[in-house]
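Student: From first to last, the protein sequence lines stand for chains A and B.
To convert, count from 1 in the first sequence and add 439; that's this note's numbering.
To convert, count from 1 in the second sequence and add 14; that's this note's numbering.
One or more hints might be untrue.
Distance windows between CB atoms, simulated [said to hold, decoys possible]:
(1) L339/B x L500/A: 37 to 47 Å
(2) G599/A x L339/B: 33 to 43 Å
(3) S126/B x Q593/A: 36 to 46 Å
(4) P486/A x T57/B: 30 to 40 Å
(5) D127/B x G599/A: 26 to 36 Å
(6) L63/B x G463/A: 27 to 37 Å
Under the rule of at most 27 Å between Cα atoms (straight-line distance), these lysine-lysine pairs were calculated in the DSSO-like manner [to be verified]:
(7) K608/A x K461/A
(8) K479/B x K515/A
(9) K83/B x K564/B
(10) K579/A x K545/A
(11) K451/B x K461/A
(12) K152/B x K461/A
(13) K608/A x K545/A
(14) K402/B x K479/B
(15) K60/B x K19/B
(16) K398/B x K534/B
(17) K159/B x K515/A
(18) K366/B x K479/B
(19) K159/B x K451/B
(20) K398/B x K421/B
(21) K421/B x K564/B
(22) K397/B x K479/B
(23) K515/A x K365/B
(24) K515/A x K398/B
Chain A stretches covered by chain B per the calculated footprint, using a threshold of three residues with CB under 8 Å from any CB of chain B [unchecked claim]:
(25) 465-479
(26) 508-519
Derived by calculation from the structure, the hints in this document are not laboratory data.
Please read these numbers as outputs of a predicted model, since none were measured by experiment.
Beta carbons: idealized from backbone N, C-alpha and C, even for Gly.
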Amino acid sequence: MERNETMPSTSTHTVSLLVENKPGVLHRIAGLFSRRGYNIASLTVGPTERPEYSRMTIVVLLSSKTVDQVVRQVQKLVPVVEVRELSPVDLIERELMLVKIRTPEKNHAELRALAETYEAKIVDVSPDALVIEASGNSGKLDALEDRLAGYGIQEICRSGRIALERGFKTLAPPHLK
Amino acid sequence: MAKEKTTGAKAVVKALEAEGVDWVFGVPGGAILPIYDALFDSTKVKHVLVRHEQTGAHAAEGYAHATGKVGVCFGTSGPGATNLVTGIADAYMDSVPMVAITGNVSSALIGSDAFQEADITGITMPITKHNWLVTDVKDLPRILKEAFYIARTGRPGPVLVDIPKDVQNAELEFEYPETVNIPGYHPPVREEPRLKDAAALIRASSRPVIYLGGGVRTSSAYAEVEAFVELVGAPVVTTVHGKGALPETHPQCLGMFGMHGAKFANYTVQDSDLIIALGARFDDRVTGKLSTFAPEAKIVHLDVDPAEISKLVTATVPLVGDLKLLLPQLTEETRKAFAASGRAEIAPWVKKVADWREKHPLRYTPQGEDHIMPQYVIEQIWKKTQGKALVTTGVGEHQMFAAQYWKTTQPRQFITSGGLGTMGFCLPAAIGVQLGKPDALVIGIDGDGSFQMTLQDLATAVDLKLNIKIFILNNLFLGMVRQWQELFYDNRFSETPLSDLPDLVKLADAYSCLGLRARKPSELDAVLDQALAHQGGPVIVDIRTRRQEKVFPMVPAGAPLNDMIDGE
Chain A
440 MERNETMPST
450 STHTVSLLVE
460 NKPGVLHRIA
470 GLFSRRGYNI
480 ASLTVGPTER
490 PEYSRMTIVV
500 LLSSKTVDQV
510 VRQVQKLVPV
520 VEVRELSPVD
530 LIERELMLVK
540 IRTPEKNHAE
550 LRALAETYEA
560 KIVDVSPDAL
570 VIEASGNSGK
580 LDALEDRLAG
590 YGIQEICRSG
600 RIALERGFKT
610 LAPPHLK
Chain B
15 MAKEKTTGAK
25 AVVKALEAEG
35 VDWVFGVPGG
45 AILPIYDALF
55 DSTKVKHVLV
65 RHEQTGAHAA
75 EGYAHATGKV
85 GVCFGTSGPG
95 ATNLVTGIAD
105 AYMDSVPMVA
115 ITGNVSSALI
125 GSDAFQEADI
135 TGITMPITKH
145 NWLVTDVKDL
155 PRILKEAFYI
165 ARTGRPGPVL
175 VDIPKDVQNA
185 ELEFEYPETV
195 NIPGYHPPVR
205 EEPRLKDAAA
215 LIRASSRPVI
225 YLGGGVRTSS
235 AYAEVEAFVE
245 LVGAPVVTTV
255 HGKGALPETH
265 PQCLGMFGMH
275 GAKFANYTVQ
285 DSDLIIALGA
295 RFDDRVTGKL
305 STFAPEAKIV
315 HLDVDPAEIS
325 KLVTATVPLV
335 GDLKLLLPQL
345 TEETRKAFAA
355 SGRAEIAPWV
365 KKVADWREKH
375 PLRYTPQGED
385 HIMPQYVIEQ
395 IWKKTQGKAL
405 VTTGVGEHQM
415 FAAQYWKTTQ
425 PRQFITSGGL
435 GTMGFCLPAA
445 IGVQLGKPDA
455 LVIGIDGDGS
465 FQMTLQDLAT
475 AVDLKLNIKI
485 FILNNLFLGM
495 VRQWQELFYD
505 NRFSETPLSD
515 LPDLVKLADA
525 YSCLGLRARK
535 PSELDAVLDQ
545 ALAHQGGPVI
555 VDIRTRRQEK
565 VFPMVPAGAP
575 LNDMIDGE
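With the hints as extra help, turn the sequences into a complete structure.
Tutor: Below you can see the structure in the form of structure tokens.
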């Protein structure tokens, strides 16, 4: 018989939420996560196909045991219309990253080639700095970040993960389909 | 309902009338003046002027506990609202339906650190089922409808509606909606109930125990519980809020288990092979150390809140839904399973439990003619009222003595602060209970420390001529803390002795109510009789109990449930 006193090892889970687009909703959700000790790795929020709803994608560091508990607790919040953990198998996940690199002009060609390998773009160039824009899954961005480290990264801004599931499945509950 | 032109403040009163609210508890103030002005004209909604908003919230809880209806309290902005917070948190922990309505500074001032401004929706977010800051008066009827609906449905709880003063004064076309449509609020059910699986476990169990929580009261599923209990024939244990879910005089009922449960109740749970939890949440005060809790037990967990399933103890078979609807189905399914394939023998188990009960009863040792034993006081009050009084308690040793020795025979009879453990709950709750049940005999069992946290509202009880009887088990200590200091902190009584103040008899006199005192066992009988016979207002009884008496048995925090200190 399992008693949930000791936490099994943690892993990353992508939880997708459809929420009412009302003031204070982010506060309610973030507050629930902090109050119950759920560790947020990233959180994004943006508009959806319906103006009255927003979609949040929250990446949490948890055991699989507690992710069910997170989903059930989040579901209790009144402005949360639907919430589900997205299956890692069917996940399409993307993240956007901007990296500012301070480097002499002689390195720019090399960086351009590197960016190309990662399907990234150079979106700003000045004599001793440039800004690279990259998108993709988090692993790819991590790899690019590692490669760029040697060139003198000044600033990084990452958007956090957005995600949808493959196929026809959607998050909306039946009465909204 | 036809539309009519009115103000936000009047709309609040109309909504309360439409919801059938008869009592509201609160204190007026600047930011809620328009609502109080509108209330002045209502013939249906009566208001109780409490002396502190915390009392208003607890009285609303007491009212809700006793009647099953939604309790309502008011507070003004800033401190009025923050004074409600303890009561709201208490209601949240104990799933009590409550609507708190607060005034706030005018919309234009919100966010400017105005006089008596507090972000009460922000403050109460983690302790309400939901809350609203009303920004447009046109939303007010819908929000109030939703507030009452959310407070009382699913797993009940408190909600708060914060209304800026300009919104109270603004005009609207009032029409109270008949239905609600909240896209994100659908009290369960998401899972198909696995009734057959549950019935199979019950059929196969040779050491079952039924564990009743506050959810039985919430769904008023008393008859359903009794039918199930009698079919299964298993011993029954309860939480403090499960008291009365099955009469404690029922032969199968072992009473409360957990930190201060009877030994026989804890042994039964710990040794069971199946726990059938009905409307309960495996709180740390009942499970003891989780990793050693009922090691051989499978778990059937029926609860209306899916988030309680497998939160602390993994359910072998979860059943999500309202007890009142789901339990009869489980009973039927179990009956079928018994008929189709028989069941495991439980007679040896029932015998074993009976033996534990005989060998390890709840007991205390009288200490001669100079000491009134607190347990004896509870027993005597029970006898003198034939166990029929409605009881409220504060929080502390007196509460646990009452939980152990008050044999609850009716639903909604034992009203206490369980989850939050709020000292000062007794008197305010008693006020709410008596107003909700005007013909009932309402008694409070309080402690001297607990009583002093809300005693200012004696004035409220006197104003209303409520015949509530507050018995203060006075040991001149913060007794429960003192008990822990004696047992776990080497008798270092840091800040727990209380001076013999105030003189409770003189205090009663100052509030124009009856005050009585018993210092010795020989004085007790007459004092209790006089208190119980008293009419025309409240009575305060100062009962000097044995100072160092402790609540036993006790499972130390973090210890296994069957590892009890018994003081002998």
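Student: Indicate, hint by hint, whether the structure satisfies it.
Tutor: Hint check results:
no., hint, verdict
1, L339/B x L500/A: 37 to 47 Å, "holds, 38 Å"
2, G599/A x L339/B: 33 to 43 Å, "holds, 42 Å"
3, S126/B x Q593/A: 36 to 46 Å, "holds, 39 Å"
4, P486/A x T57/B: 30 to 40 Å, "violated, 48 Å"
5, D127/B x G599/A: 26 to 36 Å, "holds, 32 Å"
6, L63/B x G463/A: 27 to 37 Å, "holds, 32 Å"
7, K608/A x K461/A, "holds, 25 Å"
8, K479/B x K515/A, "violated, 42 Å"
9, K83/B x K564/B, "violated, 36 Å"
10, K579/A x K545/A, "holds, 26 Å"
11, K451/B x K461/A, "violated, 40 Å"
12, K152/B x K461/A, "holds, 16 Å"
13, K608/A x K545/A, "violated, 49 Å"
14, K402/B x K479/B, "holds, 21 Å"
15, K60/B x K19/B, "holds, 23 Å"
16, K398/B x K534/B, "holds, 18 Å"
17, K159/B x K515/A, "holds, 19 Å"
18, K366/B x K479/B, "violated, 51 Å"
19, K159/B x K451/B, "holds, 25 Å"
20, K398/B x K421/B, "holds, 13 Å"
21, K421/B x K564/B, "holds, 20 Å"
22, K397/B x K479/B, "holds, 25 Å"
23, K515/A x K365/B, "violated, 43 Å"
24, K515/A x K398/B, "violated, 45 Å"
25, 465-479, "holds (count 5)"
26, 508-519, "holds (count 9)"
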